[in-house]
Structure formats: C-alpha cells, structure tokens
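S.K.: Sequence:
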Amino acid sequence: MPKIEVHGVSLLYTTVGNGNHAILCMPGFLGTAEDTFGEIFKTVDQQRFRLVAWDPPGYGKSRPPNREIKMGYLKRDAELAAGLMNKLGHRRYSVLGVSQGGESGLILASAFPSNVISLATLAVAAKYDENMLRVARFYTMVDHYPEKKLNELLKVYDRDYLKKLTTDLFCYVQSAGYVNLQHVIGPIKCPLLITHGQKDSVCQAYQARELMTIFPLAKLHIFPEGNHDLHNTHADEFTGAVFQFFNSTFDGSE
Numbered sequence: 001m002p003k004i005e006v007h008g009v010s011l012l013y014t015t016v017g018n019g020n021h022a023i024l025c026m027p028g029f030l031g032t033a034e035d036t037f038g039e040i041f042k043t044v045d046q047q048r049f050r051l052v053a054w055d056p057p058g059y060g061k062s063r064p065p066n067r068e069i070k071m072g073y074l075k076r077d078a079e080l081a082a083g084l085m086n087k088l089g090h091r092r093y094s095v096l097g098v099s100q101g102g103e104s105g106l107i108l109a110s111a112f113p114s115n116v117i118s119l120a121t122l123a124v125a126a127k128y129d130e131n132m133l134r135v136a137r138f139y140t141m142v143d144h145y146p147e148k149k150l151n152e153l154l155k156v157y158d159r160d161y162l163k164k165l166t167t168d169l170f171c172y173v174q175s176a177g178y179v180n181l182q183h184v185i186g187p188i189k190c191p192l193l194i195t196h197g198q199k200d201s202v203c204q205a206y207q208a209r210e211l212m213t214i215f216p217l218a219k220l221h222i223f224p225e226g227n228h229d230l231h232n233t234h235a236d237e238f239t240g241a242v243f244q245f246f247n248s249t250f251d252g253s254e
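Residue numbers for the sequence shown follow the UniProt record's numbering, beginning at 1 and rising by one.
No lab work stands behind these hints: they were computed from the structure.
It is possible that some hints are incorrect.
[What the hints assert, rightly or not] In silico BS3-like cross-links for lysine-lysine, where the CA-CA straight-line distance does not exceed 27 Å:
(1) K164 x K149
(2) K61 x K148
(3) K127 x K75
(4) K199 x K149
(5) K3 x K163
(6) K3 x K127
(7) K75 x K148
(8) K75 x K219
(9) K219 x K148
(10) K199 x K87
(11) K149 x K163
(12) K189 x K61
This structure is a prediction, so every number in the text was calculated from the model and none was measured.
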C-alpha cells in the first residue's frame, strides 16, 4: 500500500474500487485500513464506489511518528484526512467513520462542509461514560487479552507501544469525562447516517440515540444482533445499509 506525506506526516492509505463516488474510510482505536475495512472491501460495489482507507497517524504503518492520544488529536486526524483526500484529488467525497474514526468524521464534516457529500458513523459515543471508562481500563491490561486478539495486535504493534497506546487512551477518556460531542463539534450540514449495534458492549446502544438528540435530522439504523465490530461480523448487512445510504446522497455529478 502506498504512502503519502500530508502536512509533514507520512500516511499509509489504500484505494479499493474505481467508482465515481469516493468514500473516505476512517478506523477507530488501534485500527488500520485493512483490519477495519477488509470485509467491506470484499462486499462493496467497486464499480460504483472508490474507497480510500488510511492508517491514522501513529497506527499501523503510518509511523513514525508515534500516536499522541491527547485532547484535540481526533481534530488533528480530521484535518489530516481532509488533506489526504485533497492530495489524492478528491474534492467531494463521503465519509465512513468507525468508533473514534466516526468522531473524527463528524469533526471533518463540520469543519469542511463543502467537501463532504454525506457521512455514516458506526459505534460513536455521544459522551465517554462509566462503561467506556471501564472498557478503557481493561484495554490497559494487555496481558489479559484473549490470546487470539493479542496475537493479532502484536503483528502490528510491539507490546510496549501497545501498552502506551492503551494507557494513553485510558487517560484521555478520564480527562474527557462527560464532555458531550455537542460541545466540541459544530453543525453537520450533510446527510448523516448513525449506525450502532444493539449488543455493543464497548459503546452502548443508547449512545446512538443520544447522538440523535444532537443531530436530529440524521437517520438512525440499529443492528439488533450487532456488537462493536459488526462491520466485520455482519459485513454484508452493514455494507448494504450504509452504501445504500451513500448511493442515495450522490447524484453522479460530484
């Protein structure tokens, strides 16, 4: 996969499909282009869509530099992602953001309204609650991960860096407290689809309904059997719903 320099940061990205409708795909915590969107790459209509997925700075192969998880880092991701799409020649595009990638997607859509056709999010938190703090604390206990999950992560990150990332996330969630997204993100002018798994144990499903109070014009799609990783476990169902939405927002002249 190629790399490109944006605002002094070397970013790895991949492009899948050759359609007219470009979709920027933004992973969440520890996520990379391939492990987050690999199942979607297999199921999406590649004649209709052109997916651009990245390893966020400090994740995967977008290193160095290492990831700095601190206040404002998701805004920085949004700015870099917008710069990436601009460098690749995509003036108008839609955005698919998963978890914290969805938070960055919301920031991007608010900050660059003339560039974003539509936005779909999955498993985005309206606020960091006690459940998410417990989850973040568990993430720091690297040695207690299921063996399969740990081995997958250690293919991408060494143990010390993984420990640093998870500890930094825990501190970030603590410091962010109960700050509502409404207080850090401006209005969203583009069509917005909020998706969530009813069985999400990381970011509970009520968070999607909280988002709907912030963005009342959005559409809401709850997957009854979906958990936090439903984009992988229910890829066909998820891709069908999300890309039908994207298709409905695109007139072909962008």
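S.K.: Each hint should be assessed against the structure and marked as holding or not.
M.R.: Verification of the hints:
{"no.": "1", "hint": "K164 x K149", "result": "holds, 17 Å"}
{"no.": "2", "hint": "K61 x K148", "result": "holds, 21 Å"}
{"no.": "3", "hint": "K127 x K75", "result": "holds, 16 Å"}
{"no.": "4", "hint": "K199 x K149", "result": "holds, 19 Å"}
{"no.": "5", "hint": "K3 x K163", "result": "holds, 26 Å"}
{"no.": "6", "hint": "K3 x K127", "result": "violated, 33 Å"}
{"no.": "7", "hint": "K75 x K148", "result": "violated, 32 Å"}
{"no.": "8", "hint": "K75 x K219", "result": "holds, 24 Å"}
{"no.": "9", "hint": "K219 x K148", "result": "violated, 36 Å"}
{"no.": "10", "hint": "K199 x K87", "result": "violated, 38 Å"}
{"no.": "11", "hint": "K149 x K163", "result": "holds, 14 Å"}
{"no.": "12", "hint": "K189 x K61", "result": "violated, 33 Å"}
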